[in-house]
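*Asks:* Chain by chain, the residues:
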Amino acid sequence: MQTDYTVETSVVEGNPSFKQIDELIGAPLETLPNRNFLIAISITASMLLTGAIALGFSLYYGIGMWGNNNPVGWGFDIVNFVFWVGIGHAGTLISAILFLFRQKWRTGIARFAEGMTIFAVMTAGLFPALHTGRPWLDHYLIPHPNDHSLWVNFTSPLLWDVFAVSTYFIVSAIFWYVGLIPDFANLRDRTKNKIKKIVYTITSFGWRGSNRHWQNYEMVYLILAGFATPLVLSVHTIVSFDFAVSIIPGWHTTIFPPYFVAGAVFSGFAMVQNCLILLRKVFHYEHIITLDTLEKMNKIIIVTGSMVGYAYAMEFFIAWYSGNSAEAFTFVNRAFGDYAWAYWIMVSCNVIFPQLFWIKKLRRSIPVMLVIGILVNVGMWFERFVITVTSLSRDFLPSSWAYYKPTLVDGGLLIGSFGLFFTLLLIFTKTMPVVSIAEIKAVLPGAQPTHHKAESNNGK
Amino acid sequence: MNNIDDMNTLKSEDHIHPHVHEHEDHNSSMLEFPERVTEEFNTDKMSPLSRRKFFALVGASSAFALASCNNYRDKGEIVTYNNKPEFSTMGEALYYASSLNDGSGILIKTREGRPIKIDGNPEHPVNLGKIPQTGHATILDLYDPERLKYPLRKKDSALILDKDELVKIDWVKADKEITDLLIKASAEGKEIAIITHTVFSPTQKKLFSDFQAKFPTVKFYTYELHSDNNRAIAWKECFGEVELPSVKWDKAKIILALESDFLGNEGNTTEQIRMFASKRDVEKPDDFNRLYCAEAAMSLTGMNADYRIRISPGKQFEFLLCLTNEIVSKGKLSVDGSVTSLISGHNLAAFVKENDLNKKYVDYLVKDIIQNKGKSLVHAGEKLPVNVHIATNMLNSILGSADLFDLSSRNVSYSAYSTSQELEALVSNMKNGKVAVLINFDSNPVYHFADDYGFSKALEKVGTVISFTMNQNESSNGNNYILPINHDLESWGDFNLRTGLFNLQQPVIAPLYSTRQKEAILLNWISAKPDTFTEDIYHKYLMDRWEKEIYTQANPAVEFRKFWYSCLHDGFINLSSKAVSGFPQFKLPAVTMSQKASGWTVMLNRNYTVDDGRYSSNGWLQELPHPVTKAAWDNYASISPKAAKELGVVNNDVIEIKIDNRSVKLPVMLQPGMAENVVAIELGYGRTIAGEVGTGVGHNANILLSKKSGISEWIFESAILTKTGDTFKVFSTQEHHAVDEEFVKDLHFKRDIIKEGTVEGYKKNPKFMKEHEKELQSVNAERLYPGLKWAMAIDMNKCISCTSCVISCNIENNVPVVGKDQVAVGREMHWIRLDRYYSGTPEDPIVSTQPMLCQHCDSAPCENVCPVVATTHSDEGLNQMVYNRCVGTRYCNNNCPYKVRRFNFFNFRDHFANGVYLQDSLKLLHNPEVTVRSRGVMEKCTFCIQRISEARQEATKDGKPLKGSDVQTACQVACPASAISFGDMNDKESNITKLREHNLGYHSLEELNIKPNVTYIAKLRNKHEEEDSANGLHS
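Chains as they are written, first to last, in the working numbering: chain A, 1 to 460; chain B, 1 to 1035.
Don't read these hints as lab results, they were simulated from the structure.
Because the structure is a prediction, the values reported are computed rather than measured.
You may find that some hints are simply not true.
Stated by the list, open to error - In silico DSSO-like links for lysine-lysine, alpha-carbon gap of 30 Å or less:
| id | chain 1 | residue 1 | chain 2 | residue 2 |
| --- | --- | --- | --- | --- |
| 1 | A | Lys405 | B | Lys820 |
| 2 | A | Lys405 | B | Lys729 |
| 3 | B | Lys745 | A | Lys405 |
| 4 | A | Lys405 | B | Lys367 |
| 5 | A | Lys405 | B | Lys431 |
| 6 | B | Lys630 | A | Lys405 |
Generate the whole structure from the sequences, applying the supplied hints.
*Replies:* Right, dumping it as structure tokens:
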């Protein structure tokens, strides 16, 4: 197929009218939940309940209900945390960094991806809060004036985490909300329901769509995008410091910040891609979230996946090249020791399978990309497991080595985290526009006439 | 509105509220309704919410609020003394000298009248301040919540259906009923059998004879599950003397231990360890002793051997004869004819070849013994048969090792063990109804006696069975009377273990429950008025005997009471005479030759913690890792890895061990260094009635005992082992790796966790360890400690890995018991542990050990990662834990390279065994100076900071600066080898500073540059010079 690279293809197919866009995106918010939705939410709510029960056990009896032991102080708790923070990376990257780079194909997916970010970070945030032995004292982690002479330790990466994750969450949430304001106004204007009208009136902050509003809005959005961009990189960098700043072989390594960020984008894109495939099918958004968009995402997946693969190889190389026998042992142990199964799941899912996306046919095939996306997330979860658990279970003194085995409660919390994430996501799809109505209109063919090459926007 | 009603509301409210709350409520209500309740009082204008209603709501909501609040700090009242007791000051510990029932001289620390710690009596000539781990841990038995609290009697079977149900009974009533029974039995000429353990007490012995005088049909039976009886028999046969002399281990240059765990669990281990370790002083490398072990099972002693020879116990006698023959011929020694005829024809070289012994080691042994004639000690293990002990005595007397035995200080015995014939006679008398009353005098024969005596079945024919016991046990089950007895710390008594050395035992607390000491019960029954028991009955009896016997012997210049109080104060009196020199004349008795047998040899060993099962309900001892295998809460069958391969079993596979018609099923433990075709099992486990803690722990291998001995009472040949296909998990605090697994082999040396050398290497080049030292550079400025700086040094030449320090630390620092299920998932809480590493081959492993505790690193990696500053560094170099701040992120533990931090995954006191250690009595045991940690908190070794604080207070009080030598940590105090030193490293004169700068001093994982403050003194193996280059041990 010949491609004309001088012409920007339209990100929206079928040339819909503004009214059609309004109706299409507003439709889920204006209809009652159908049977499929109820089935879906009852599944996710059951998962959430499973997690709640597991959490109840953990809080009542203590975190001894988990598999953590004396060498392995962190198990599923921190694995899940890093996994979900990683998932939360795609959204802000798509909405902020791609916005700054003027990647218009982001328009159809940005809102949904941002929503996923918010929910993923919320899910992630639960784990550090609950992983402590005495979660009722978690406020000790926040510097606040008190009469107990309590203060925090600014040299601890865990404390940096508190700031990094909360900042990221706040900025992402504001960014997301600012983007929603024009859409809320649109919904306010369209709805005939009294209650909805009141709610949308409040949430749209008196948006009238005036020129001045738009001007301020664009500026705020740009500034927030600029503000959020470094955060995308900093959050996972700081999460990686939890490991990199320690002295444990397998943790103490300088490659972690870029490696973690790449991995986070990798898993985040896979998750967004997976969810979008379902979303566009269910809500008939095929011409807004086009196959081209999905293909572009797959290209990012292959790039970041290869970066992750490079990091794996480089870790091994440095472990040997450094001449540090404890470090070398840790890596050989990862690949051939007690946890070899986890390591090979990680390598195959993260490095081998995404390579199939080099073939254009496969990266444009919905079932293939769905499966690979799932595998990437499985692989990325195991990556965090391998890093966290294998390094701890066999560190310096062979006398203190111990095998970590998760318990049912650990499993319950993992299921619960997925339950929480998807429940929130389902509620999101029925309460807010999952595609930005205003932005889509702006990228419709002919929506932004230019003084030259006007015809090129037709997507021919 | 009714005023009276209002009053009532107020009153009831008063009732609910604490005063402060009520006051506030009034104020707020006044402020909220100022106009409506002031002078106007216009009822029409008032709110429809009446005042009554308002108060009712406030009252109810406050009541709900209060009901939901539970102040966790409020654990009842703390009441101060009304009148200050003499000698006792709140917050100040008092120490009393006393004794344990095994005769150890102890010093008991009490706080506010309750004993909280037991250590050795430093002045006691045998103990010198040290006691075995069971002695430390027995304080838990005092406060055991499952102790019997009052006498019990079996319910009358005619009245109720369940005839085994027990009812509470008065002591007076029990005394009356039992004395009637005793009188009746005596009158009818029926036997009254009393079964006891070894008697160490002269006064108890006198009581027994008084009891026998009153009731002439009384017969005493004495037994031990493990005993030194074979050695005693052999000694008597060879030298004609009953009492065994004590051994001067510290005079021996070469020690050959034959299946003898003299450092682990045989004999007076604290004394033996001390004497052995005294010859391992790195300042005197020429004076090092050399330990050879010839054994089948890997014992603690074998772990510490310089040369270990694997040999089956059935071959020991032959080995000794060959060895003697070789030594006599090579050393050109003259022996008399009877010996020559016994040893001639026994060729060592052939024996070595036939049994695949390590020829090099045996050659060294022969050479060393000949060279060090007179300074070589051969010591046979207690479980070996009489003929081996005779051969040992023969070799020792040929070698002229007279100086190594102290004839003036002998092991005194007040009771001979009952022979198997006597026990058989007892059982047959019981069966024939000739035994009217049977008393278990703090003994547990049902559990201990070999099944083929048929003792428990015969018990049914005994009219009345009475148990004197602290806890319910197998033998008290179904008894007619169960009489609860005092703990050692609630009792009076005296003990005489060594010639002329008399210990006193005094109570340090009144009996916690309605119990009596076992001697007092018997004494009361023979007193004139059994119905009027007085608490001091045995106290008076004891004093009376001391006045008549000991006082006259000592013949001091003071009156008796002064003498008595001075003895009580010291805890002992030493009346020993001058040393007797020379060796008794050896006469070779007739010896039975060992038979050649096929199949497996089973050894039933003494365990290291729960003794013969008497400490089964002691959680601290059950959880103490085995010094060799590191397993806790279980026993198992140890076999060699090669034998396991042949049997097709791996760790935790259950095998059936069958000797004749007796069989037991046990999980397998692959033990490097085990002799082939030998299986070693430790006894004392598998108790069926031992309370919440001890019941069902491990497997009962007493089933394998028989009244017909095998090679000896504890060694049987021709056993059959079969794989059952079942598994049973035994959990250790360390993972098991095959010794020859290349991937993990020798990591302790490769990673510089442990450094070792040889004596010869050290003599040649004392700085051999410092030669490869690299200069470590740091990016941080060094923190200065201008005042005191605490540091510890552990001499690995002395440390034999006995684990006494662990128990002492547990008690000092309120370390909880976590139970088998938590040990299984690696959550044991010990602050100090003994790491054990193997190198070499599975057949001939070299064992290295290392006590591992918080290293109090100057650049502690745990400190900078704690987000809430819960672990910090003190100005005196201590790495501190602030429990109140800890939220439990466990990041510190992750970042600790030594993994010495311990996390409270649960409230372990609540979690363990249905909360048995959460009960009230246990609260009295806690050291009040150490916080009891809650769930979710990290903890670790503090270098006994409470002891430092106490010493500082004392120094401040005296107006002197605190010195490093003022403080001794709990592990240091307990260490029988005195391997641990502690003090101020800024004090240039101190011992600790010298050790830190010692040529052999090293830090574990030094390369990390985290600057640990625990210095290890590298172990020097006393190998032969020739071996230096061949042995790549020292890194």
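*Asks:* Any hints from earlier that this structure breaks? Give me their numbers in increasing order, please.
*Replies:* Structure breaks hints 4, 5.
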